[in-house]
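> Sequences are here, hints too, so could you generate the full structure?
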Amino acid sequence: MKCTICENSSDGYHFNVVSCRACSSFFRRTLAENKTYVCRKENKCNVSFNYRNICRACRMRRCFEVGMKKADAISDTQILTPPIPALQVQAATSITMDTSMHLKNVYLFWHGYLSSLKSLYTVENPKTIFTETEYKLIKQSHYDKVERASMSMLFSLLIEHITPFKRLNHDQRVIIMKNVARSIAMIYKTSLTAVVFPNDADKFVTSFGYYIDRKNVGYFFEYRDGYNEIEKLLYPVVNEIISVAKGFLGYREVEVGLLAVMLLAQRMRKEELSDAENEIYWRELLAEAHADIVNTYGFANGGIKFAELFMKLSRINDIMNLMNESVTLMKIFMPTSVMEIWDHYNC
1 MKCTICENSS DGYHFNVVSC RACSSFFRRT LAENKTYVCR KENKCNVSFN
51 YRNICRACRM RRCFEVGMKK ADAISDTQIL TPPIPALQVQ AATSITMDTS
101 MHLKNVYLFW HGYLSSLKSL YTVENPKTIF TETEYKLIKQ SHYDKVERAS
151 MSMLFSLLIE HITPFKRLNH DQRVIIMKNV ARSIAMIYKT SLTAVVFPND
201 ADKFVTSFGY YIDRKNVGYF FEYRDGYNEI EKLLYPVVNE IISVAKGFLG
251 YREVEVGLLA VMLLAQRMRK EELSDAENEI YWRELLAEAH ADIVNTYGFA
301 NGGIKFAELF MKLSRINDIM NLMNESVTLM KIFMPTSVME IWDHYNC
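For the sequence shown, UniProt numbering begins at 1 and goes up steadily by one.
Just so you know, not all the hints are guaranteed correct.
Below, simulated DSS-like cross-link-like pairs (lysine-lysine); rule was C-alpha separation at most 25 angstroms, straight line [as the list claims (entries may be wrong)]:
1) K178 with K270
2) K145 with K127
3) K232 with K215
4) K312 with K189
5) K139 with K215
6) K118 with K178
7) K215 with K189
8) K127 with K178
9) K215 with K136
10) K127 with K70
11) K127 with K139
12) K305 with K246
13) K127 with K2
14) K118 with K139
15) K70 with K2
16) K2 with K118
17) K118 with K246
18) K145 with K203
19) K139 with K166
20) K178 with K189
21) K118 with K232
22) K203 with K189
23) K69 with K118
24) K139 with K189
Here are the in silico distance ranges between beta carbons for each label pair [to be verified]:
25) R224 with V196: 22 to 28 angstroms
26) D202 with K2: 34 to 40 angstroms
27) K35 with G298: 20 to 26 angstroms
28) N53 with K145: 30 to 36 angstroms
29) N43 with L249: 37 to 43 angstroms
30) Y223 with L322: 20 to 26 angstroms
31) K44 with F310: 46 to 52 angstroms
32) Y37 with F299: 48 to 54 angstroms
No wet-lab data here; the hints were simulated from the structure.
Every residue gets a Cβ at the ideal spot worked out from N, C-alpha and C, and that includes glycine.
Okay, structure coming up:
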């Protein structure tokens, strides 16, 4: 993957975007030293690898354009959870390094995943940087491209933030990814659908900035032969997705991220890749999560919220089973299936 700032080879995610070490260090150093740069030309300088040191003003502007976060660079010792409507909970809570190490990493993982997909959209649609995002219909060819990118992002962020996954060797990681990537992506899709289309029974989000309309599936499949039959097969899947999405309304990022990590834990246990050290990690994480949820929602409501969160695991699994059945049938009518990009995962 290339650095989204200078297009040199990246070494992972820094401040929520794919970047190289040099650009991330430049961003952090500029903010830490409170420096201000002024472009001597027209704020349109080339900041690619061989020219990135010529104009620091344009390089810094590019950092912000692709989605680097000032707050993350200034301080990473305390991450605040997103605000929650007062009618839903009594008080919000902070996740601190001192009291919730594992839970903070879950938040960083999920927030990084959300931000990376948002940055991907920004790179593809640079004119939307300073305007409100208007979600648009997506075609399968573009959907496949975004899904491939999201897999690499997910893989990298799990290694960076989730210790049990980081402990696995490469082959073990790929085995787990093949079995959890689609489910985690579905958690992302349903939770974001709840935010973007809370009252729409026909639309669901595929990625930041894009959606599929149940009433216009032909557009997604670009009206290729067989799409009419596929449209019928997708109806029960879309109905289930939208039903689950409604249940995510009001959940914080850290709670949705916890759900994704628990799917990871389930799969590692099923593949017998969760050793004693990892089991300690899972227990400590659950203890931190329970304490955080109770502290946020109160003792009685917190217990209910904690239980409801994990009940969603079975709903997500139901969606994936239904989707797998539909995909098998879809191949009869249209051999190039949406899901084939997951069949031979290669990191």
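> Now tell me, hint by hint, if it's right for this structure.
Consistency of the hints with the structure:
Restraint check for K178 and K270: satisfied, since their Cα atoms lie roughly 13 angstroms apart, inside the 25 angstroms limit. As the CA atoms of K145 and K127 are separated by approximately 20 angstroms, the hinted pair is consistent with the 25 angstroms bound. For the suggested pair K232 and K215, the alpha carbons sit about 11 angstroms apart, so the restraint of at most 25 angstroms is met. Using a Cα cut-off of 25 angstroms, the hinted pair K312 and K189 holds, with the two alpha carbons roughly 14 angstroms apart.
A hinted pair counts as satisfied when its Cα atoms are at most 25 angstroms apart, and K139 with K215 qualifies at roughly 14 angstroms. Note on K118 and K178: the hinted pairing holds, with a Cα-Cα distance of about 23 angstroms set against a maximum of 25 angstroms. Only pairs whose Cα atoms come within 25 angstroms are accepted, and K215 paired with K189 is accepted, the gap being roughly 18 angstroms. Of the pairs offered as hints, the one joining K127 and K178 is violated, with about 35 angstroms between alpha carbons and a cut-off of 25 angstroms exceeded.
At roughly 14 angstroms between alpha-carbon atoms, K215 and K136 fall within 25 angstroms of each other, so this suggested pair holds. With a C-alpha separation of about 21 angstroms, the suggested pairing of K127 with K70 holds against the 25 angstroms cut-off. The hinted pair formed by K127 and K139 meets the criterion: a straight-line CA distance of about 20 angstroms does not exceed 25 angstroms. A C-alpha spacing of about 15 angstroms is found between K305 and K246, which places the hinted pair at or below 25 angstroms, so the restraint holds.
For a cut-off of 25 angstroms, the pair hint linking K127 to K2 stands: about 21 angstroms separates their Cα positions. Under the criterion of a C-alpha separation no larger than 25 angstroms, the hint pairing K118 with K139 is consistent with the structure, at around 18 angstroms. This hinted pair checks out: K70 and K2 have alpha carbons roughly 21 angstroms apart, not beyond 25 angstroms. Between the alpha carbons of K2 and K118 the distance comes to roughly 16 angstroms, so the proposed pair stays at or under 25 angstroms and holds.
Proximity of K118 to K246 is assessed by CA-CA distance (about 22 angstroms); at most 25 angstroms being required, the pair is judged to hold. Between K145 and K203 the CA atoms are separated by roughly 20 angstroms; this keeps the pair inside 25 angstroms, and the hint holds. With a C-alpha separation of about 34 angstroms, the suggested pairing of K139 with K166 is violated against the 25 angstroms cut-off. Proposed proximity of K178 and K189 is supported: the alpha carbons are some 18 angstroms apart, at most 25 angstroms.
Among the hinted pairs, K118 with K232 is inconsistent with the structure: their alpha-carbon atoms are about 31 angstroms apart, more than 25 angstroms. Using a Cα cut-off of 25 angstroms, the hinted pair K203 and K189 holds, with the two alpha carbons roughly 11 angstroms apart. For the proposed pair K69 and K118, the alpha carbon gap of about 12 angstroms is at most 25 angstroms, so the pair holds. Of the pairs offered as hints, the one joining K139 and K189 holds, with about 16 angstroms between alpha carbons and a cut-off of 25 angstroms not exceeded.
A C-beta distance of roughly 27 angstroms is found between R224 and V196, which places it inside the suggested range of 22 to 28 angstroms. Between D202 and K2 the beta carbon distance is about 37 angstroms. The supplied range of 34 to 40 angstroms therefore holds. Checked against the hint of 20 to 26 angstroms, the pair K35 and G298 fails, with Cβ atoms roughly 45 angstroms apart. Between N53 and K145 the beta carbon distance is about 32 angstroms. The supplied range of 30 to 36 angstroms therefore holds.
With their beta carbons about 41 angstroms apart, N43 and L249 fall inside the hinted range of 37 to 43 angstroms. Y223 and L322 have their C-beta atoms about 25 angstroms apart, which keeps the hinted 20 to 26 angstroms range intact. At roughly 51 angstroms, the beta-carbon separation of K44 and F310 lies within the given 46 to 52 angstroms, and the hint holds. In this structure, Y37 and F299 meet the distance hint of 48 to 54 angstroms, their C-beta atoms being roughly 51 angstroms apart.
Hint check: violations occur at hints 8, 19, 21, 27; the rest are consistent with the structure.
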